[in-house]
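Could you build the full structure based on these sequences and the hints that come with them?
Quick mapping for you: the protein sequence lines, in order, are chains A and B. Reminder that position 112 of the first sequence reads as 112 in the working numbering, one-by-one numbering, no gaps. Reminder that position 265 of the second sequence reads as 265 in the working numbering, one-by-one numbering, no gaps.
Keep in mind that the hints were calculated from the coordinates and are not lab data. For each residue, glycine too, the CB sits at the ideal point set by N, CA and C. One thing to keep in mind: the hints can contain errors.
What the hints assert, rightly or not - Facing chain A, according to a computed beta carbon distance under 7 angstroms, are these residues of chain B, among others:
1) I56
2) L118
3) G151
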Amino acid sequence: MTTVELRRGWPGWVFRAAIGVVGLATAGVLYAEGVMVTPLVLYVGLTAVAAAIPASAAAALLVAYPPVALVVLGGEPVRPAVLVLVALVHLLHLLCAYAALVPTRSRIHPSALRPAALRYAAVQAGVLVSAGLLLLLPGGRTDAVVEVIGLACAAGLVIGAVVLLRRRS
Amino acid sequence: MTRGERIKQALTGGRGSHWHPTDALVRGAALGVGLVVVGGLLHRVELVLFGAPLLISTLVALVAKVGGKPVVTVRGLPRTGEVGAAKSAVELDAGSGAEVVAIRLPVDRPGLGPVHLLPASTRAVEVVLRRDAWGEGVDLRPDHLVAGPDGLLVFGPVTGTERGRVILPPVHQLPAGLLPARARGLVGAHRARRPGDSVELRDIRAFQPGDRLRRVDWRVSLRAGALHVREHHAEADADVVLALDTRFDVDRDVGSWSVATPGGKARGARAGRGLDLAARTAWAGGNPGATWAGWDSGGARTMRPGGSLDLSVRAAASLAAGYLRQGDRVGLVDLGRPQLSVRPGAGRRQLLRLRNQLVVCARSAGWAQKPVLRREQLPHGALVVVLSPFLDADAVELSVHAARRGHVVLAVDVLPEDLLPDRDTPWGAAALHVLRLEHEVRLEAMRRHGVAVVTWDARAATISAVLREAARPGVRR
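See below:
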């Protein structure tokens with residue numbers, strides 16, 4: 001059995017700092033998109049709370065607010081700001097998930113994060129490809145049949161998620 | 001499931017030694033599905049784009065088969081050790097599907113160490129354990145938490161089993177000296193009173209039947225006109241009894257002698273055991289991060305450095321090593337706890353036994369009504385070394401009684417140097433002055449009764465000088 005030597009690694013607060021940096025970057029993109037200052041101040045406050053308590057509801061609000069804000073603002077559905085925010089929000093979600101696993105005074109060994117980083121890159125690449133396909137699709141009114149199929153798929157997704165969560169817990 | 005297990009599960013919210021989802025899984029599932037569904041219903045593509053990565057990450061985590069019970073084992077950790085660094089290995093079996101392991105491991109520093117986030121593929125980790133003080137303590141407690149992809153499913157946190165070592169008191173190299181002339185065997189390093197085969201001349205006397213011819217001193221015989229023989233001393237081992245006064249543990253600050261230590265134990269008569277095993281397994285409930293943050297990584301807390309008990313134990317270990325190196329028989333008597341005594345013995349194993357027992361004595365040290373040194377605990381003619389701060393008359397009386405019974409008694413004063421007065425009272429300086437005078441009177445009383453008194457400092461310089469002087473040729477031992 002190979003015995004590895006314990007290296008020093010990164011300090012545990014790196015996750016929390018990364019949450020803060022990514023949260024601020026998200027706020028900056030939202031500001032550039034025209035979101036008012038008051039909600040952005042609240043968003044920065046939420047970022048601080050999420051950095052301090054990554055497993056709290058603040059992390060969920062942090063992830064949920066940018067898409068809602070973009071929907072309220074309107075504009076082109078697929079544009080550079082949206083794609084950047086998609087990547088940042090996904091990164092926030094992952095950082096909060098890992099930060100919740102370890103205390104602040106811990107040591108993070110970068111090799112532990114390699115699979116997660118590769119998966120993140122793969123998922124984001126998939127999302128970018130999907131966005132490109134969406135741009136190619138024709139716009140306009142959708143047939144009623146397609147709407148019904150879409151609704152059925154949505155219901156299936158919800159039911160599937162609930163069932164999976166119940167089975168795991 | 002027992003009642004205790006049910007209560008524990010209720011308190012911990014169902015988290016612990018089994019695989020369970022985290023808040024991140026719920027967040028990913030709820031927001032992923034919600035954004036995709038709402039985006040579809042409202043025909044907003046950007047909502048679908050936001051929800052898709054969250055949903056995909058969650059599905060990957062749910063599809064991946066995580067299972068099995070992670071196992072953490074420690075190997076190569078001895079029961080006893082010396083001050084300094086030692087190596088050990090921690091083996092990890094994270095179970096199937098796990099991606100990361102968060103485990104508490106020390107990093108070449110005293111204490112339990114921080115939590116390390118490692119890849120779950122790690123099979124064994126080499127850890128360096130460091131202890132800077134002697135005594136019992138916990139070196140390793142591999143608390144661990146195993147997580148699946150993206151930390152959405154976790155096993156734990158699990159409080160690891162504490163693994164500790166007994167760090168033996170360090171040994172200062174001391175010169176030989178100050179030993180009684182008393183035969184206990186046929187061979188040894190010290191001159192005995194009875195005749196024997198050493199090279200040291202004892203007497204020249206008239207020849208008697210039975211004397212060997214090679215002992216005849218021809219020069220004296222010719223001068224005297226009758227046969228005379230040279231008689232030599234025998235060489236023998238000595239018995240040494242180290243009498244440890246564990247009733248006191250005082251440090252330089254007189255004001256703190258009667259104050260409770262941070263570890264919750266009173267100083268003075270009861271202080272200094274230290275060795276808080278830090279086996280706290282706090283459980284905050286809720287998220288694992290909060291739970292881990294509540295754990296203290298203080299690890300082992302050893303005896304107060306520089307205190308009288310610390311000095312006593314170091315002195316006893318050093319003296320024992322010195323005498324045992326000469327081939328003498330050394331025993332130990334705990335004046336406060338006579339049942340913890342060790343019979344005199346010789347050899348390297350006896351030194352290990354004595355050093356271990358010194359740790360035991362220090363651990364159970366505390367107030368005792370009166371120091372006890374029974375006659376049967378002292379072999380006939382043994383050297384008695386009394387190690388005490390001599391803060392009361394009982395230890396003095398005990399030393400003097402041993403000297404009156406015919407033992408050579410060496411009193412080692414372990415009261416710390418440069419005592420500081422109590423600053424909380426205006427009488428602190430005066431009280432310290434009285435204390436010093438009383439202490440000096442006690443030492444003087446012992447000297448007058450034939451007890452050799454030496455002071456033990458941190459580097460053992462004083463006693464080294466005394467022993468070197470006693471070992472000089474021509475000085476009667």
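task = Report the numbers of all earlier hints that the structure fails to satisfy, in ascending order.
result = none
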